[in-house]
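**Q** Sequence:
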Amino acid sequence: MKTNIGVFFGGRSTEHEISVISASQAMHAIDREKYDVTPVYITKQGRWYTGDALFEVANYRNIPELLKKCEEVYMHPVFGDYNLYKTARKMFGGQNIAAKLDVVIPVLHGSNVEDGIFEGVLETIGIPYAGCDVLASANGMDKITMKMILQANDVPVVNYVWFTDKQWDRSRDALVARVEEKLGYPVIVKPANLGSSVGIGTAHDRKQLETRIDEACRYSSRLIVEHMIGELQEINCSVLGDCDDYQMSVLEEPVKVGDILTYEQKYMGGGKGSKGMQSAQKRIPAELPDDVTKRIQFLASETFRVLSCHGVSRVDVMIDKADGNIYVNEINTIPGSLSFYLWEATGIPFDKLMDKLVALALKRKREQEMKTVSYDQNIFNLGGGVKGAKGVKAK
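At the far end of the sequence shown sits residue 395, using my numbering, and the numbering has no gaps.
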């Protein structure tokens, strides 16, 4: 019997469409001689659907029509129940199970889905899944906690200031002064927990800074302002494995127009809206000296390791051309297109990448099953009973 892979994608995220593209690429790459594939599309309203119509990107041009061809489904938050259930129950006790999943591959991008929330659902159910766990996903998504962890482990990041939208509302002038004192201009303003350049903007003076922060507040309650490197070279490296056994890909250099790589440049490059991160213009491999390449691969692997990542991630770094210093910018714990193009350039075809993700998911599950999570002994049967428990008065 084949292993049935549930591929989850979409979600309540500003990167919803990019997730659809990445998932479509992944599902078409999975070897159907080895696996069955069950697509599970999460709408922007958070509803789950499955059906064969979900395999083709072209069908997403008309979502209402697409969903008419699909079955709404859900999973019970019960440990050990890997069934995907139909929401609409059949009369007279008909079969209510849409699919029995063996392993899940989340291909979800952005807040509400890539930040540990969905991974928490999978952990509750106990189903094997590929990718980072709750902790690594949350830390990888939040640019503030990520930088704190990297700094504590001697991984270089640019100087930054962070605050909340509430603090911005209360202390606008003080925060502007703090940014100007610590960072100066120019700076980059970012929502702390979004990717794909959503809500990101550059500021070269106080007026621009206030405008950019107001814009970023539309997307997140936590904001980060970073020193902007005047002349930089952006380089990306993918890492595959777990935090104890991993490998690095060749490097890529995205080709950007302007100060930052925009959402459109990343995903609509060449006017083709169905190729995801693959469509962005880039140089693979990046043309760098060997020592610089090795340094970047080392920093990418350290980022992956200290954040306790799992599966496939992409680490984005910046080279300051003025002094040659290298800084880690961010990690994408579920990268666009799963960075398959980097692994193909490294010698691992897309179908083999998917094989590795399944194997990693099953390996982690086996390791988890060896850990003690509870005791057989019931403390209520002990001689002391519940004496001393909070809220319980001893007799």
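Treat each hint with caution, since some may be false.
[Unchecked claim] No farther apart than 16 Å at their CA atoms in a straight line, the calculated lysine to aspartate or glutamate pairs in the EDC-like style are these:
(1) LYS256 with GLU231
(2) LYS365 with GLU72
(3) LYS363 with ASP102
(4) LYS100 with GLU180
(5) LYS363 with GLU180
(6) LYS2 with ASP154
(7) LYS44 with ASP81
(8) LYS356 with ASP242
(9) LYS365 with GLU123
(10) LYS34 with GLU369
(11) LYS363 with GLU72
(12) LYS352 with GLU123
(13) LYS356 with ASP52
(14) LYS100 with GLU65
(15) LYS44 with GLU17
(16) LYS371 with GLU123
(17) LYS321 with GLU234
(18) LYS68 with ASP52
(19) LYS365 with ASP31
(20) LYS207 with GLU234
(21) LYS352 with GLU33
(22) LYS365 with GLU17
(23) LYS86 with ASP133
(24) LYS365 with GLU231
(25) LYS2 with ASP355
(26) LYS69 with ASP81
(27) LYS356 with GLU369
(28) LYS34 with ASP102
Derived by calculation from the structure, the hints in this document are not laboratory data.
**Q** Is it true that the CA of LYS321 sits at most 16 Å from the CA of GLU234?
**A** holds, 10 Å
**Q** LYS69 and ASP81 were given as a pair; does the straight-line alpha-carbon distance stay at or below 16 Å?
**A** Judged against 16 Å, a Cα distance of about 26 Å means the pair is violated.
**Q** Decide if the proposed pair is consistent with the structure: LYS365 and ASP31, CA atoms, cutoff 16 Å inclusive.
**A** violated, 22 Å
**Q** Can you confirm whether the C-alpha distance between LYS352 and GLU123 stays at or below 16 Å?
**A** Cα-Cα ~25 Å, so violated.
**Q** Within 16 Å, alpha carbon to alpha carbon, are LYS363 and ASP102?
**A** holds, 13 Å
**Q** Quick one, are LYS365 and GLU123 close enough, alpha carbons at most 16 Å?
**A** Holds, at about 10 Å.
**Q** Does GLU17 lie within 16 Å of LYS365 when you go C-alpha to C-alpha?
**A** violated, 30 Å
**Q** Between LYS363 and GLU180, is the straight-line Cα distance small enough, at 16 Å or below?
**A** Judged against 16 Å, a Cα distance of about 49 Å means the pair is violated.
**Q** Does the structure keep LYS365 and GLU231 at a Cα separation of 16 Å or less?
**A** Violated - the C-alpha atoms of GLU231 and LYS365 are around 45 Å apart, more than 16 Å.
**Q** For a C-alpha distance cap of 16 Å, please report whether LYS44 and GLU17 respect it.
**A** holds, 10 Å
**Q** Next pair to validate is LYS34 with ASP102; report whether the Cα-Cα distance is within 16 Å.
**A** holds, 13 Å
**Q** Please verify whether LYS2 and ASP355 have alpha carbons no more than 16 Å apart.
**A** Status holds; Cα separation ~13 Å.
Of the numbered hints stated above, those contradicted by the structure are hints 2, 4, 5, 6, 7, 10, 11, 12, 13, 14, 19, 20, 22, 23, 24, 26, 27, listed in ascending order.
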